[in-house]
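S.K.: In case you want the letters, here they are:
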Amino acid sequence: MRISTRKLLDRSFSSVGVISIALMGLILLVILVPIFRKGIGALVFEATVEHRRLILDNFDHGDDLELAAEIKSAREARQPVYEMVQAFESRQQAKIDSLRPDLETLAERDDSMGRLVARRLKRLGPDEDFLEQVETIQQLVPRLREYGDGDDAPKEIAAISSGITRITSQTLAFAELKEVLYDLLGPAPGEPMPQLTRKQYGQTRWEKARETIDHLFFIERWDYSGPGMGTLVREPRVEQFRETEIEPLFAYVEGHAEAMLQPRWTLYWGFLTDKPLDSHIFGGIYPELIGTIYLTLGAILFAVPIGIIAAIYFTEYAKAGRLISFLRACVSTLAGVPSIVFGMFGLAFFLNVWQLPKGVLAGSLTLALLILPVIIRASEEAIRSVPHTYREAALSLGAGRWRTIVTVILPAALPGILTGIVISMGRAAGETAPIIFTAAASVAAPLSLNPLQAWDQPTAALSWNIYNLCTEHEAADEIRHVQFGMVAVLITVVLALNLFAIILRARIAKKLKG
Amino acid sequence: MNSSDHANPLKISSDRLILSARANLTQKIMAWVGQAFLFFVASVAATAVLFIIFYIARDAIPFFRLRGFQEFFGSTRWYPSGSPPVFGALAIIFGSGLVTVGAIVVTAPLGLSAAMCLSDILPFSVRQAIKPIVEILAAIPSVAYGFFALVVLAPLLQEDGGPILAVTWYIVALPSLTIGIIMASDLLTFRITTEKKRSMARRLLALGLFAIALPLVVFTGQILFQLKITTGTNALNVSFILGIMALPTVVSVSEDALQAVGRELREGSYALGATRAETIIQTVMPAASSGILAALLLGVMRALGETMVVWMASGNAAQIPTPWFNYLEPIRTLTATIAGDMGEADHVTGSARYHVLFAMGFLLLLLCFVCNMLSEWVVSRQQKKLRGEV
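Line order of the protein sequences matches chains A and B.
Here the first sequence stands for residues 0 to 513, where the numbers follow numbering that gives the first Met the number 0.
Here the second sequence stands for residues 0 to 389, where the numbers follow numbering that gives the first Met the number 0.
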């Protein structure tokens, strides 16, 4: 080849290498940036008055006097909306009532139709729920039509059913609007409190509230009439309510949304310290956090003593031989066992043979096995890197072998061992597969801080609940902020541990250089 | 100890340094007992893996005894809760293999070129600054990768999968095509002796090759561009993420292997007039080949044994895609099946449904064991080779 071609090849070879390293950094950014950007949204966000109400009701954080004033002003801002809704309802009610005489004459007839109408009539009246009344009369329409085809049907039947249809078509649109309003503002004043927490409050987050307001203004549907995948059509909802009492509602909400919800930037520390409410739709991730801490510390508790002792034996006592090389091969095989197999072993051995309950202890033991090889290797390396002069000095002072190890070698190797422990803590905190069968529970009360009470309890854990919330949760799309928040917390924990290890190692390197 | 000893510590009679026979014996026994204890703990730690193999095998064997090998390895029909149940794991094993191959295709070029760059191209200080990137990639928990694959990458692939693939294709294909053509035209015209003629021929040849290859590249790009990806949770998504997860292992192990080759070979090669690229590809790589192989095997192990990513983002459809290399279809892997089905398998009565999952676990264990042993063997062979024993 010509020199210039060779040079070109050489350059492009180097640049491929540099590009691949840059690509690695880029991939890291692409993964971490969205997770942290959206994860922070779980802690720092524009919270509406509904959020503050929820926090005060359920966790007792916040100033109730201040909040009462806030709720009052929000309620005042909402009042016109409810008035418009009320006015619309009462006019529709009047329309229903105007149908009443016709229906009553129909009910007097002595046939199946008459009896049906008579039964239905009992469920109409100003005391009944408006939407239910509409449903009741709506169900009459097909029967009335059918009946109207008969020979001896009264003439006014057609008029009745078309009157009903007029009322119902507008009311259906109204019911939809009311539902969106409910999503936005929660139960109207005077409405009975529902059981589910998610139904007791309006939108707690301003960005979600804005989405809901968008739903209020526009009806979205997919149009499949054209070729291809279908297109999204947005129709202003106001069209359905032209020249009714509802029409000014849209303009009012547009102008007064902030007054109605009072969004304010909030730092919600409770995300880390509060219990979740209504399967994580509100509240924090305290049970997950405490579960992860328990499992990690438990794993360290079992793995560290065993790992360090094994490392001492392998480095200080073991003589080269078949047995020792076999044991070493075993350790390296242990490091290569897939994490899910650890989980199966935990299930088959700790749960089924040892009869441990599914809980923190079984999970910790399983995780301990997983991190054991890491700790053994790191400790071995740390002990080996202690200079020989230390050992010889201690021995020459008359210290025995064991005393040398305990008083001289281990303290000198401690930072290195600590690095291994910290890294394996990060590993244990992030692992999911080993705890699926041995410790994890999707919904669990937070563990007691007393280990004697907690050891046999199944627990939520960050890693498991990330999986659970984004695949098995009924409203996984609605709680993305919680999921991102959890992932960000988990990654922060793991990276903080790793950063600590990196710093520790840098200090050791400096110390060894002198 | 009396007060005179304190006054003059150097004045110790010699017999005090000698232990009595009894004390000597106790100390020896203590030392022996202590060592036995250390040995015991160490061997428990080390033989834990034997326990794992034993207990997984113990629950796996009943399945094969009950239903034989034919169904498990021969059938693609996986209906564990049907009546009668069918436990054909072939499609699932295939799925595991498919994503592992995909992961290696992603990780091998990226990881190896990064390792070469780290060991031979970048200066030491830059290398130290880049190490943390690799470490952070390794530290991110698998469930976070899975979350990324499911929540960020899958919708992206589903919406704009075709354009993304096309752009990737152009970025990879155009530069390598250019370099390849320049190289080929140079090599093919080597025989022509006249300098002027040769240069002419080279240019014409390059132009010709370009005219042939460019439409092909653009055509493929167009096909990719128009590709409609029906679901973002597919083998491609998982392969890509698994490839990234395997990167740190591949990079650090193969970098170690490249470093282990030593200066002499490199300097010899430079002295013969080779460029850096030629030195790395023709001298260093062959010498480090077994270490690189070991790195790739460890990468395979990581991809094969990974659970959360595949469980979350592979679509979990127990089927062999049509055609079999179609990475855009959802698949299902061994690990995901174990994780997903264990909850429904009745392990109290020990039904076949429970044991079949252990059979899968055992298969997984076996595969990882083989990979591990192979990589260890390969590395020890390289070490021997470098020491000149083979």
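Since the hints were derived computationally from the structure, they do not count as laboratory data.
Every value quoted in this text rests on a predicted model; they were computed, and no experiment measured them.
Careful, some of the hints might be misleading.
[Stated by the list, open to error] Computed list of lysine-lysine pairs in DSS-like fashion (alpha-carbon distance at most 27 Å, straight line):
#, chain 1, residue 1, chain 2, residue 2
1, A, K318, A, K37
2, B, K27, A, K6
3, B, K384, A, K318
4, A, K509, B, K384
5, A, K318, B, K196
6, A, K177, A, K37
[Claimed, not checked] Have a look at the derived ranges for each label pair, beta carbon to beta carbon:
#, chain 1, residue 1, chain 2, residue 2, range
7, B, F324, A, E190, 55 to 61 Å
8, B, P84, A, G113, 36 to 42 Å
9, B, Q221, A, P247, 51 to 57 Å
10, A, P247, B, F218, 57 to 63 Å
11, A, G320, B, F324, 45 to 51 Å
12, A, Y181, B, K130, 33 to 39 Å
13, B, Q225, A, A250, 17 to 23 Å
14, B, F324, A, I502, 35 to 41 Å
15, A, A174, B, F63, 56 to 62 Å
Cβ coordinates follow ideal geometry from the N, Cα and C atoms, glycine included.
S.K.: Determine for every hint whether it applies to the structure shown.
M.R.: Okay, the hints, checked on the actual structure:
| no. | hint | result |
| --- | --- | --- |
| 1 | A:K318 / A:K37 | violated (54 Å) |
| 2 | B:K27 / A:K6 | violated (69 Å) |
| 3 | B:K384 / A:K318 | holds (25 Å) |
| 4 | A:K509 / B:K384 | violated (34 Å) |
| 5 | A:K318 / B:K196 | violated (71 Å) |
| 6 | A:K177 / A:K37 | violated (31 Å) |
| 7 | B:F324 / A:E190: 55 to 61 Å | holds (59 Å) |
| 8 | B:P84 / A:G113: 36 to 42 Å | violated (58 Å) |
| 9 | B:Q221 / A:P247: 51 to 57 Å | holds (53 Å) |
| 10 | A:P247 / B:F218: 57 to 63 Å | holds (59 Å) |
| 11 | A:G320 / B:F324: 45 to 51 Å | holds (49 Å) |
| 12 | A:Y181 / B:K130: 33 to 39 Å | violated (55 Å) |
| 13 | B:Q225 / A:A250: 17 to 23 Å | violated (45 Å) |
| 14 | B:F324 / A:I502: 35 to 41 Å | violated (46 Å) |
| 15 | A:A174 / B:F63: 56 to 62 Å | holds (60 Å) |
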